[in-house]
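Participant: Each protein sequence line maps, in turn, to chains B and D. Using the numbering used here, the first residue of the first sequence is number 7, and each one after it goes up by one. Using the numbering used here, the first residue of the second sequence is number 390, and each one after it goes up by one.
Among the hints, erroneous ones may be present.
[Said to hold, decoys possible] Below 25 Å or equal to it, Euclidean Cα-Cα: the simulated SDA-like pairs (lysine to any residue) are:
hint, chain 1, residue 1, chain 2, residue 2
1, D, Lys568, D, Asp609
2, B, Lys250, B, Leu113
3, B, Lys8, D, Asn463
4, D, Lys526, D, Ile508
5, B, Lys335, D, Lys476
6, B, Lys410, D, Thr520
7, B, Lys237, B, Thr198
8, B, Lys8, D, Leu469
9, D, Lys530, B, Arg60
10, B, Lys335, D, Glu466
11, B, Lys410, D, Phe483
12, D, Lys568, D, Thr520
13, B, Lys335, D, Lys526
14, D, Lys476, B, Thr198
15, B, Lys335, D, Ala467
16, B, Lys413, D, Ser460
17, B, Lys8, D, Arg471
18, B, Lys413, D, Lys422
19, D, Lys411, B, Arg15
20, D, Lys530, B, Lys413
21, B, Lys335, D, Ile508
22, B, Lys171, B, Lys250
23, B, Lys335, D, Val472
24, B, Lys413, D, Asp406
25, D, Lys422, D, Arg603
26, B, Lys8, D, Gly563
27, D, Lys531, B, Ile314
Calculated from the structure, these hints are not laboratory results.
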Amino acid sequence: MKLLISIARSLLLARWRQTFIAAIGVTFSITMFVALLGFMQGLNEMMDSLFLNRTPDIRLYNEIKPAAIQPVQLSPDYHSDHHFIHSIKATGHRQEIYNSIAILEALRRDKRVAGVASKIVMQAFFNEGTIDITATVNGIEEYQESALLHFADYIVEGDASSLEKVPNSIILGKALAENLLVNVGEMVQLTTPEGERFPLKVVALWQSGIQDFDKVQSFTSLATAQKLLGKTRNYLTDIQIRLKNSTMAPILAREYSRLFNTSAQDIDTLNSEFETGSFIRSLISYAVGITLLTVSGFGIYNILNMLIYEKMDSIAILKATGFAGRDVKRIFIFIAMSIGIFGGLAGLILGFLLSLAIDQLPFHATSLPTMKTYPVSYDPFIYCIGGAFSLISTYLAGWLPSRKASKIDPVVIIRGK
Amino acid sequence: MADIILEARNINKYFHDPVDVKVLSDINFKVNKGEFVTVTGKSGCGKSTLLYILSTMDTDYEGELLIDNVSMVNRPEAMLARVRNEKIGFVFQFHYLLNEFSVLHNVMLPGLKLNRYPIQQVEHHAMEKLTRLGIEKLANKKANQVSGGEKQRIAIARALINDPCIIMGDEPTGNLDKKNSELVFDIFKQLAEEYKQTLLIVTHDQEFAARTHRRIQMEDGKIIPDVH
């Protein structure tokens with residue numbers, strides 16, 4: 007084997023210019039592959055974080071809708087009768103989740119759940135002079151909300167954790183704050199649907215990047231929200247669940263819905279088109295990467311073919327002096343693989359450097375205040391795939407010519423002279 | 390009876406392209422150990438074709454071939470390669486050295502392939518062969534930096550590296566001038582006389598053939614019965 011490698015090396019060095027160019031082809035394609043996929047995946051992750059990160063895997067809530075099973079249907083006396091009840095209306099059905107403390111307790115014990123954040127959603131009026139602005143007030147657990155749903159990432163001014171520290175505090179959507187002409191540290195007046203008026207202190211501003219959303223959203227602590235509504239400590243309207251494995255969301259959503267007798271919404275039904283977009287973007291970048299590699303594979307194929315035609319005599323003499331067909335094949339496979347390994351390795355390194363360069367380019371997205379430069383992913387998976395592809399494509403490119411070399415009949419060559 | 394190194398039994402060979410032509414018919418002969426045999430005949434009589442069959446490189450023939458009393462019929466390619474490596478040394482009309490390697494390395498290659506001795510020892514053997522042929526000074530030159538006559542002597546050194554049972558030559562002097570032909574012939578002669586090396590040389594040079602132990606004459610794919 008050592009002998010075959012030394013022969014392969016000599017043949018390589020004898021044609022080092024062509025070999026070098028073939029290796030550059032591989033290097034270039036792997037560089038582009040890694041940089042392109044890193045960039046694409048970075049963008050995908052950014053897109054995901056725009057929406058998916060802020061959406062819980064499962065949301066438990068009570069929907070306002072007529073009961074699916076009406077009381078008359080429950081009565082055994084009328085079981086055999088035909089029911090014709092028209093225009094059923096929802097009653098003053100409560101939005102509260104019943105038995106919320108027990109549900110939370112059960113969820114925290116569940117091994118499949120990564121975390122739970124409870125929430126109260128309510129409507130309120132903000133009073134600015136003579137006008138009232140309707141907005142949604144979300145009572146949240148700031149610590150859980152940041153940990154599970156990246157709440158703190160979208161705070162553009164002030165500090166999210168002040169929500170728990172400062173009593174009667176509120177975080178306003180940036181556009182809402184502009185409408186109300188308030189800044190961090192100032193007070194806003196709020197009127198609940200029941201007509202109670204509360205002064206609250208603005209501790210931070212929040213920006214989602216969706217203007218219409220920012221105009222109507224505000225956040226306060228769970229306790230403050232309960233106080234605004236005049237409810238007890240167990241009043242909750244939403245329970246947001248983050249799962250350890252988010253692919254289980256649809257199954258668990260059904261399970262919880264049945265178990266806790268609430269409505270349950272899972273991330274997959276909510277964001278299926280989002281996933282499709284990410285998938286197609288990845289697919290396109292993989293297709294481009296593989297195309298590049300295929301082209302460089304043809305380059306290797308050409309150079310090996312040329313080398314074999316040029317070294318026909320050498321191959322004949324090697325065979326005449328006792329090298330078997332498979333030895334000759336190994337020599338040329340080895341040449342192809344060393345082009346693949348060195349070209350691929352250089353490509354991975356250059357791809358990494360190119361990724362670093364892209365990572366330095368400034369990029370500002372209003373929707374993502376934490377983002378300063380273009381997003382690039384350094385997922386080792388991309389590098390593994392790139393490395394594996396370079397080896398596979400060079401092997402395939404080397405396989406045919408090597409087979410041809412192994413099949414060369416020395417008699418034909420020696421006679422032909 | 391002397392040891393038989395090479396034996397051909399009823400060898401027939403056809404060329405199929407473009408029409409079936411019988412190029413060798415019923416070839417029978419033996420080569421004993423230490424013999425210096427030449428095969429002569431006119432161009433196209435099939436002598437080279439015969440040599441390629443005897444050398445195991447051409448496997449498309451009928452009949453039986455024994456090298457060192459082992460049949461070579463229907464053997465896998467890898468095994469035949471091993472036989473060529475171990476038991477046969479080749480000298481061609483055109484030198485066929487690998488230009489990428491030094492002279493010494495060219496001589497060493499079949500020895501390294503055989504892998505019977507460590508590298509240092511193969512190198513030592515190679516130097517010995519080069520010295521025997523008087524070209525030890527060329528050892529570190531590139532194969533394409535030496536003259537034609539020298540190349541042929543290097544090829545002979547390479548043929549000797551594994552101490553083969555038999556050396557086969559296909560017009561080894563065909564491409565050389567008078568002086569170098571003489572030199573190569575003398576080397577063959579010396580190998581046969583002093584080292585009891587078996588040689589089977591194909592040539593159309595009657596003068597060359599006349600000076601060897603035995604001459605096999607061919608015509609139209611057949612061996613002409615012995616003249617003496």
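Participant: Evaluate each hint against the coordinates.
Facilitator: Going through the hints against the structure:
Note on lysine 568 of chain D and aspartate 609 of chain D: the hinted pairing is violated, with a Cα-Cα distance of about 32 Å set against a maximum of 25 Å. With a C-alpha separation of about 13 Å, the suggested pair lysine 250 of chain B and leucine 113 of chain B falls inside the 25 Å cut-off, and the hint holds. In summary, the hint linking lysine 8 of chain B to asparagine 463 of chain D is not supported, as the alpha carbons are separated by about 30 Å, beyond the 25 Å threshold. A threshold of 25 Å between alpha carbons decides the hint, and for lysine 526 of chain D with isoleucine 508 of chain D the separation of about 20 Å falls inside it, so the pair holds.
A C-alpha spacing of about 23 Å is found between lysine 335 of chain B and lysine 476 of chain D, which places the hinted pair at or below 25 Å, so the restraint holds. Under the criterion of a C-alpha separation no larger than 25 Å, the hint pairing lysine 410 of chain B with threonine 520 of chain D is inconsistent with the structure, at around 38 Å. The hinted pair formed by lysine 237 of chain B and threonine 198 of chain B meets the criterion: a straight-line CA distance of about 13 Å does not exceed 25 Å. A distance of roughly 22 Å separates the Cα atoms of lysine 8 of chain B and leucine 469 of chain D; the hinted pair therefore holds under the 25 Å criterion.
For the hint pairing lysine 530 of chain D with arginine 60 of chain B, the CA-to-CA distance comes to about 73 Å; that exceeds 25 Å, so the pair is violated. This hinted pair checks out: lysine 335 of chain B and glutamate 466 of chain D have alpha carbons roughly 13 Å apart, not beyond 25 Å. Distance restraint check for lysine 410 of chain B and phenylalanine 483 of chain D: the Cα-Cα separation of roughly 23 Å lies within the 25 Å cut-off, and the hinted pair is therefore satisfied. With a C-alpha separation of about 20 Å, the suggested pairing of lysine 568 of chain D with threonine 520 of chain D holds against the 25 Å cut-off.
Of the supplied pair hints, the one linking lysine 335 of chain B and lysine 526 of chain D is violated, its CA atoms being roughly 34 Å apart against a limit of 25 Å. A C-alpha spacing of about 104 Å is found between lysine 476 of chain D and threonine 198 of chain B, which places the hinted pair above 25 Å, so the restraint is violated. Between lysine 335 of chain B and alanine 467 of chain D the alpha-carbon distance is near 12 Å, which keeps this suggested pair within the 25 Å criterion. Restraint check for lysine 413 of chain B and serine 460 of chain D: the C-alpha separation of about 23 Å stays at or below 25 Å, so the hint holds.
Taken as a hint, the lysine 8 of chain B and arginine 471 of chain D pair is honoured in the structure, with Cα atoms around 17 Å apart against an allowance of 25 Å. With a C-alpha separation of about 33 Å, the suggested pair lysine 413 of chain B and lysine 422 of chain D falls outside the 25 Å cut-off, and the hint is violated. Simply put, lysine 411 of chain D and arginine 15 of chain B have alpha-carbon atoms about 43 Å apart, too far for the 25 Å limit, and the pair is violated. Pair hint lysine 530 of chain D plus lysine 413 of chain B does not hold up; C-alpha atoms about 31 Å apart against a cutoff of 25 Å.
Between lysine 335 of chain B and isoleucine 508 of chain D the CA atoms are separated by roughly 23 Å; this keeps the pair inside 25 Å, and the hint holds. Between the alpha carbons of lysine 171 of chain B and lysine 250 of chain B the distance comes to roughly 30 Å, so the proposed pair goes past 25 Å and is violated. For the given pair, lysine 335 of chain B sits about 19 Å from valine 472 of chain D by alpha-carbon distance, which is consistent with the 25 Å threshold. For the given pair, lysine 413 of chain B sits about 19 Å from aspartate 406 of chain D by alpha-carbon distance, which is consistent with the 25 Å threshold.
With a C-alpha separation of about 13 Å, the suggested pair lysine 422 of chain D and arginine 603 of chain D falls inside the 25 Å cut-off, and the hint holds. Restraint check for lysine 8 of chain B and glycine 563 of chain D: the C-alpha separation of about 36 Å exceeds 25 Å, so the hint is violated. For the hint pairing lysine 531 of chain D with isoleucine 314 of chain B, the CA-to-CA distance comes to about 21 Å; that is within 25 Å, so the pair holds.
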